[in-house]
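K.L.:
Spelled out, the chains give:
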Amino acid sequence: MKKKLLTFVLTFVLWFVLAGRFNIQVFLLGTIICSIISLMMAENLFRLIQMKDGTKDFPKKLYYIFMVIIAFIYDVFLSAFKVSRHAFEMKPSFSPRLVSVQTSLENSNSMATLVHFFTLPQGALAMDFDDIYKEYVIHWIDVDSDDEVEGKKTLILKHENLIAKIFD
Amino acid sequence: MLYVILAIILSAILAFYRVFKGPSLPDRLVAMNSIGVMFLLVLVLLSYYFERKIFLDVALVYGISLFINVLIMAKYLKIPWKG
Amino acid sequence: MIDFLPSIRQLFAFVFFITGIYFLLSTAVGLIRFPNLYTRLHAGSKCLMAGGISVFMGCIALEGISFVSLKLIIILAFLLITNPIAIHVIAKFDNNYNLIPKVYTKEDFEK
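Top to bottom, those sequences are chains A, B and C. Note that the first sequence covers residues 1 to 168 in the working numbering. Note that the second sequence covers residues 1 to 83 in the working numbering. Note that the third sequence covers residues 1 to 111 in the working numbering.
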């Protein structure tokens, strides 16, 4: 029941944004179409997602979601500037390296969300994932020594703590 | 606004060099993906140039079909063939 | 005072468009000049998305608050979710079929 209500609200908001006007005909047609979609497809839509009961502390999580989006956009510009500085050099110099990083997250949603935070905000590229040891295989672009690897792993922990507060 | 569109088309033509001379197949896929996103930005900017906001729906549908395109290419070409 | 606000808005849009053109051109130059597949994937994911974000932010700054800017935010969120998945699929497609990367470091041989 909760899944169907959530699907109905999400598709109804999307319907009004795509329609672009408030009207009584638009409201009635949107109600019919969104109820049909939420009755038919609610079971298949949330098949791979672990749902939890706790919806009481949702306003506290809204603050963390806002913080995640702000950190995301700021770090995207920072890492894109580092990559684009390599493109305009006279001789592009790289020191790529494959690193395996172990996570402490347990929920499957948060493990899937962390891959987005490897690819865009860090200077990394997630290549593979090991289910048993919970290790990501990551390709860094400019890492010179082992100390710098440890320094960059602490940058991951900043995003990891924010994600753990949202999903757990 | 017109100069922004021309600059994005110039960068798309520069990225088209990698489609011709990619040594391997995933190189061409990356270049095709970036050209697709650049033309999506051109479609968004054209809706401001002609002042018709209905063109944004074209950009939305184009973005969905671009994503499915790249996924099917990467999944279909996984099959090893001879030659 | 009334004409003050739209000029500020156009100034913001101009700055966002200039940064977007810079990142998109650096994407194209990086796709040509980088020596390796994985570094090209870096150029194709991060610089492209930064250019896309700045162009969309310029359009939102031109538009103001309306339904059109909400539609722009939906297209931007869709692009931000799907492009890392496409890059990850291409990297895994390359990794599973052993098209070996040309630049090896010493740590890879020791494993």
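FYI, nobody ran anything at the bench for these hints, they're computed from the structure. Nothing here was measured: the structure is a model prediction, and the numbers come from that model. Certain hints may be false.
Coverage of chain C stretches by chain B, computed from C-beta distances (three or more under 8 Å per stretch; other residues unrestricted) [what the hints assert, rightly or not]:
1. 18 to 27
2. 38 to 49
Covered stretches of chain B (in silico footprint by chain C; criterion: 3 or more residues with CB under 8 Å from a CB of chain C, positions within the stretch not fixed) [said to hold, decoys possible]:
3. 4 to 13
4. 41 to 53
5. 66 to 74
Below, in silico cross-link-like pairs of lysine-lysine (DSSO-like), each with a Cα-Cα straight-line distance of 27 Å or less [stated by the list, open to error]:
6. Lys91/A x Lys165/A
7. Lys153/A x Lys165/A
8. Lys91/A x Lys60/A
9. Lys2/A x Lys82/A
10. Lys53/B x Lys92/C
11. Lys158/A x Lys4/A
12. Lys92/C x Lys75/B
13. Lys4/A x Lys91/A
14. Lys71/C x Lys134/A
15. Lys134/A x Lys61/A
16. Lys21/B x Lys71/C
17. Lys82/A x Lys60/A
18. Lys21/B x Lys91/A
19. Lys4/A x Lys92/C
20. Lys61/A x Lys91/A
21. Lys2/A x Lys91/A
22. Lys3/A x Lys71/C
23. Lys91/A x Lys134/A
24. Lys152/A x Lys82/A
25. Lys158/A x Lys82/A
26. Lys92/C x Lys61/A
27. Lys82/A x Lys92/C
28. Lys152/A x Lys71/C
29. Lys61/A x Lys3/A
30. Lys153/A x Lys71/C
31. Lys75/B x Lys21/B
32. Lys158/A x Lys91/A
33. Lys61/A x Lys153/A
34. Lys134/A x Lys165/A
35. Lys3/A x Lys153/A
36. Lys75/B x Lys134/A
C-beta: ideal position from N, C-alpha, C; glycine also.
K.L.:
Could you run down the list of hints and mark each one as holding or not?
P.N.:
Right, here's what the structure says about each hint:
Check result for the stretch 18 to 27 of chain C against chain B: holds, 5 residues qualifying (beta carbon to beta carbon below 8 Å, three or more required). Residues of the stretch 38 to 49 of chain C lying with their CB closer than 8 Å to a CB of chain B number 4, which satisfies the three-residue condition for coverage. For the stretch 4 to 13 of chain B, the stated coverage by chain C is satisfied: 6 residues place a CB nearer than 8 Å to a CB of that chain, which reaches the threshold of 3. Coverage of the stretch 41 to 53 of chain B by chain C holds in this model, with 5 residues showing a Cβ closer than 8 Å to a Cβ of that chain against a need of three.
Closer than 8 Å: that is the beta-carbon criterion, and the stretch 66 to 74 of chain B has 4 residues meeting it against chain C, so the requirement of 3 holds. In summary, the hint linking Lys91/A to Lys165/A is not supported, as the alpha carbons are separated by about 43 Å, beyond the 27 Å threshold. Simply put, Lys153/A and Lys165/A have alpha-carbon atoms about 19 Å apart, close enough for the 27 Å limit, and the pair holds. Proximity of Lys91/A to Lys60/A is assessed by CA-CA distance (about 49 Å); at most 27 Å being required, the pair is judged violated.
This hinted pair does not check out: Lys2/A and Lys82/A have alpha carbons roughly 44 Å apart, beyond 27 Å. Between Lys53/B and Lys92/C the alpha-carbon distance is near 38 Å, which puts this suggested pair outside the 27 Å criterion. With a C-alpha separation of about 34 Å, the suggested pairing of Lys158/A with Lys4/A is violated against the 27 Å cut-off. With a CA separation close to 11 Å, the supplied pair Lys92/C and Lys75/B stays within the 27 Å bound.
Taking the CA atoms of Lys4/A and Lys91/A, the gap is near 56 Å; set against the 27 Å cutoff, the hint is violated. Restraint check: the Cα-Cα separation between Lys71/C and Lys134/A comes to about 37 Å, which exceeds 27 Å; the hinted pair is violated. Annotation: proposed proximity of Lys134/A to Lys61/A holds, straight-line Cα distance about 25 Å (limit 27 Å). For the proposed pair Lys21/B and Lys71/C, the alpha carbon gap of about 37 Å is over 27 Å, so the pair is violated.
Our distance criterion of 27 Å between C-alpha atoms is broken by Lys82/A and Lys60/A, whose separation comes to about 34 Å. With a C-alpha separation of about 21 Å, the suggested pairing of Lys21/B with Lys91/A holds against the 27 Å cut-off. Among the hinted pairs, Lys4/A with Lys92/C is inconsistent with the structure: their alpha-carbon atoms are about 34 Å apart, more than 27 Å. In summary, the hint linking Lys61/A to Lys91/A is not supported, as the alpha carbons are separated by about 46 Å, beyond the 27 Å threshold.
For the given pair, Lys2/A sits about 57 Å from Lys91/A by alpha-carbon distance, which is inconsistent with the 27 Å threshold. Distance hint between Lys3/A and Lys71/C is fulfilled; the C-alpha atoms sit about 25 Å from each other, no more than 27 Å. Under the criterion of a C-alpha separation no larger than 27 Å, the hint pairing Lys91/A with Lys134/A is inconsistent with the structure, at around 38 Å. At roughly 14 Å between alpha-carbon atoms, Lys152/A and Lys82/A fall within 27 Å of each other, so this suggested pair holds.
Only pairs whose Cα atoms come within 27 Å are accepted, and Lys158/A paired with Lys82/A is accepted, the gap being roughly 20 Å. Straight-line distance between C-alpha atoms of Lys92/C and Lys61/A comes to about 33 Å, which puts the hinted pair past the 27 Å bound. Straight-line distance between C-alpha atoms of Lys82/A and Lys92/C comes to about 24 Å, which keeps the hinted pair within the 27 Å bound. A threshold of 27 Å between alpha carbons decides the hint, and for Lys152/A with Lys71/C the separation of about 36 Å lies outside it, so the pair is violated.
Taken as a hint, the Lys61/A and Lys3/A pair is honoured in the structure, with Cα atoms around 19 Å apart against an allowance of 27 Å. For the proposed pair Lys153/A and Lys71/C, the alpha carbon gap of about 36 Å is over 27 Å, so the pair is violated. Under the criterion of a C-alpha separation no larger than 27 Å, the hint pairing Lys75/B with Lys21/B is consistent with the structure, at around 22 Å. For a cut-off of 27 Å, the pair hint linking Lys158/A to Lys91/A is broken: about 33 Å separates their Cα positions.
For a cut-off of 27 Å, the pair hint linking Lys61/A to Lys153/A stands: about 25 Å separates their Cα positions. Note on Lys134/A and Lys165/A: the hinted pairing holds, with a Cα-Cα distance of about 19 Å set against a maximum of 27 Å. For the hint linking Lys3/A to Lys153/A, the alpha-carbon distance of about 37 Å lies beyond 27 Å, and the restraint is violated. Restraint check: the Cα-Cα separation between Lys75/B and Lys134/A comes to about 25 Å, which is no more than 27 Å; the hinted pair holds.
Hints 6, 8, 9, 10, 11, 13, 14, 16, 17, 19, 20, 21, 23, 26, 28, 30, 32 and 35, counting from the list given before, are not met by this structure.
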